[in-house]
Amino acid sequence: MQRHETTVNQPVEKEILFYLHNRAPLLFFVLDSKGHIVEANEHAETVTGIQLRGTPLADLVVDFSGTFNPGSFARECHKEHLLNIKTRWGLPQSYYFTFKEVRNQVLVFGRSDAEEIEGTRGKVQSLNEDLNNLARKLHKTNAQLEQLNRLKDQFLGMAAHDLRKPVSAIVHYTEFLLDEASEALTSEHVGFLQTIHSSTALMRRVIDDFLDVSLIESGRFHMNMAARSMEDPMNRSVALHRPVAKKRGVTLKVCLPCPLPMIPMDDFKIEQVLNNLISNAIEHSPPGGEVAMALSLTGEELRVAVRNAGEGIPARDLENLFEPFEGGQALKARGIRSTGLGLSISKKIIEAHQGRIWAENLHEGGAAFCFTLPMSPQNPTEQDP
Amino acid sequence: MKSADSMLNEELYQEYLKALLAGRHKECREKVQMLIHKGMGIKDLYTDLFQRSMYEVGELWENNRITVAREHLATSITDSLLNLVYPSLFATARTGKKAVVSCSVNEYHQIGAKMVADIFELHGWDGHFLGANTPAEDMVRFIHEVKPHVVGLSLSLLSNLDRLKHHIEVIRADFPQMDLLVGGQAFRWGGLEAVRSYGGTQYIPNLERLETTLAEA
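Protein chains in written order, with the numbering used here: chain A, 1 to 385; chain B, 1001 to 1217.
These are computed hints drawn from the structure, not numbers from a lab.
It is possible that some hints are incorrect.
Under 10 Å between C-beta atoms, here's a sample of chain B residues computed to sit facing chain A [to be verified]: (1) N1009; (2) L1012; (3) Q1014; (4) L1017; (5) L1073; (6) D1079; (7) F1090; (8) T1092; (9) T1095; (10) G1096; (11) A1117; (12) H1123; (13) L1130; (14) G1131; (15) P1135; (16) A1136.
Keeping only pairs whose Cα atoms sit at most 27 Å apart, straight-line, the calculated DSSO-like set for lysine-lysine is [what the hints assert, rightly or not]: (17) A:K137 / B:K1097; (18) B:K1147 / B:K1098; (19) B:K1165 / B:K1098; (20) B:K1165 / A:K86; (21) B:K1018 / A:K152; (22) B:K1018 / B:K1098; (23) B:K1147 / A:K123.
Label-pair distances were calculated between CB atoms; the ranges are [unchecked claim]: (24) B:D1174 / A:R23: 49 to 59 Å; (25) B:E1011 / A:L148: 55 to 65 Å; (26) A:Y19 / B:D1174: 50 to 60 Å; (27) B:E1010 / A:R121: 52 to 62 Å; (28) B:G1200 / A:L148: 49 to 59 Å; (29) A:R121 / B:Y1198: 28 to 38 Å; (30) B:Q1033 / A:F64: 39 to 49 Å; (31) A:M158 / B:T1092: 16 to 26 Å; (32) B:T1213 / A:M158: 34 to 44 Å; (33) B:G1199 / A:Y19: 26 to 36 Å; (34) B:Q1202 / A:R121: 28 to 38 Å; (35) B:E1010 / A:G90: 20 to 30 Å; (36) A:R88 / B:Q1033: 49 to 59 Å; (37) A:H21 / B:E1011: 55 to 65 Å.
Note that the Cβ used here is the ideal one computed from N, Cα and C, for glycine as well.
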């Protein structure tokens, strides 16, 4: 590069110095022999945000290695040094510094690399645009998925609604044949009818769960809230499950505190939750085992626990047990027939009551499924899942 | 849905513009969230706030009143604010029609084209947006894939007119009957005759005109 020699005269020098001190977007310091700043331009004051006179330049430099030394840098006056300066904005800024010794003082000039800064800014802007465009795509895809999900729920609801009647007819007519015509049939044919009955009964449970899910997702799963005692749904559910429990050799035990308070609930929906939890508990209990239902009052809540003496729940399943189909996978792994929706429906019902539902393994073995209902829920009639 | 005037008065607009130019993105976000919460329509938000402020920012830059860095910052903030609208924008009922909107090669000002794609979405179209600096070949490949009813091309700098013409020619070669919409701030300075010489090409000067065109479609 050709070096331009300028003829220095007083007015020109004065203008250049004025510009350097007041306008130029570069750092300019004059240091004494100890490296303290005796003079700095306005840009340096703006960038650092502190009073610079008397401050050691080393105090402004982010020097991880502790090697910064203005004196030795001044002896390499043709070399540029990349240094990071502490700024008033919190983040350090990089400058290329030149040090020059003149009459026991060191002149320090720091320039920023405009090309690098502009290049970086452009890339950051481009990345930001990419990010925003991806966010747009994500929102669009989410909307499409939500629409598909709604269609799925509509289809599910329609299919379940149309299937329920014929499946119920099969269940009823099979029951009728088993009651009225068993004596006229061979034991093998009675066995066929029992298989048809149990299979269609399961099919009807699946259809009922699908209908519930469809109603929940469409926001039409309304709660019929009224002040009730938990005793009623608990007694109905236990009575319903006694024959099955007896058949499997499982004892049902109920522990109710007296008196039970009246609390706002949709008792038929709560009975649905109890049916789900009690039938699961019976299925998980070994023959001769016990399923215990315990109600307790804790503070502002009524707590219901359904305990079984089974194998317990693997830790990996505990977290997702109440997600649709996840609970079913855990049950199926144990050879138990399940729709995989019962626990997720139970969760929706309990949440609509502003309660909580969870499962936990017991120290003594087995597992407990618990839920709480608040004694005084807020706006209970407005709560839909 | 409330009218824009009842929510976005001149004072609020000026406050927003001031925050936008100062790079106070949080303040801008709060104002937009407040307008959405109050029920301001998406179309009004786009035309009366985003489009108006970005036109004003562009003019300030053209007249050397603000730096290019500040113009880019205001653009980035506006771009990010569009995300606030998307949950309700994409939930509008679908018509089954599709549009592909893009910027040509070397066009780095994407926000206008993106807002055009969003207005398509608002009218129930699938408004696919390809982004800034899109090569003609990539665009044509995407058009083959999506099979849109309309393609929109944006031009912000008149110096990129030849590149835009190249895009039109490449699209026309594969899709002679495709309806093309062109728009962008560049056409304030010329170039209209050049694009009008291609058949089936319509100039859309602003979002309001796009609204009218889509309502008539």
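Each hint tested on the structure:
1. N1009: With a minimum Cβ separation of about 28 Å from chain A (threshold 10 Å), the hint on N1009 (chain B) is violated.
2. L1012: 24 Å, violated
3. Q1014: 25 Å, violated
4. L1017: 20 Å, violated
5. L1073: 9 Å, holds
6. D1079: At about 5 Å, which falls below the 10 Å cut-off, the nearest Cβ of chain A leaves the hint on D1079 (chain B) intact, so it holds.
7. F1090: This hint holds: F1090 (chain B) lies near chain A, its Cβ roughly 3 Å from the closest one there, short of 10 Å.
8. T1092: 9 Å, holds
9. T1095: 13 Å, violated
10. G1096: G1096 (chain B) check fails; min Cβ-Cβ to chain A is 12 Å, beyond 10 Å.
11. A1117: 8 Å, holds
12. H1123: 15 Å, violated
13. L1130: 9 Å, holds
14. G1131: 5 Å, holds
15. P1135: 15 Å, violated
16. A1136: This interface hint is violated because 19 Å lies over the 10 Å limit.
17. A:K137 / B:K1097: Since the Cα atoms of K137 (chain A) and K1097 (chain B) sit roughly 17 Å apart, the hinted pair holds (cutoff 27 Å).
18. B:K1147 / B:K1098: Holds, at roughly 8 Å.
19. B:K1165 / B:K1098: At roughly 23 Å apart (the allowed maximum being 27 Å), K1098 (chain B) and K1165 (chain B) satisfy the hint.
20. B:K1165 / A:K86: Violated, because 50 Å separates the two Cα atoms, which is more than 27 Å.
21. B:K1018 / A:K152: 47 Å, violated
22. B:K1018 / B:K1098: Not OK: K1018 (chain B) and K1098 (chain B) at ~37 Å, beyond 27 Å, violated.
23. B:K1147 / A:K123: This hinted pair is violated, its Cα atoms lying about 32 Å apart.
24. B:D1174 / A:R23: 49 to 59 Å: 56 Å, holds
25. B:E1011 / A:L148: 55 to 65 Å: Taking Cβ atoms as reference, E1011 (chain B) and L148 (chain A) lie about 44 Å apart, which means the hint is violated.
26. A:Y19 / B:D1174: 50 to 60 Å: 58 Å, holds
27. B:E1010 / A:R121: 52 to 62 Å: 33 Å Cβ-Cβ, so the 52 to 62 Å window is violated.
28. B:G1200 / A:L148: 49 to 59 Å: 34 Å, violated
29. A:R121 / B:Y1198: 28 to 38 Å: 36 Å, holds
30. B:Q1033 / A:F64: 39 to 49 Å: At 42 Å between Cβs, range holds.
31. A:M158 / B:T1092: 16 to 26 Å: 25 Å, holds
32. B:T1213 / A:M158: 34 to 44 Å: 38 Å, holds
33. B:G1199 / A:Y19: 26 to 36 Å: 58 Å, violated
34. B:Q1202 / A:R121: 28 to 38 Å: 36 Å, holds
35. B:E1010 / A:G90: 20 to 30 Å: Hint violated: Cβ distance 36 Å, outside 20 to 30 Å.
36. A:R88 / B:Q1033: 49 to 59 Å: 31 Å, violated
37. A:H21 / B:E1011: 55 to 65 Å: Taking Cβ atoms as reference, H21 (chain A) and E1011 (chain B) lie about 41 Å apart, which means the hint is violated.
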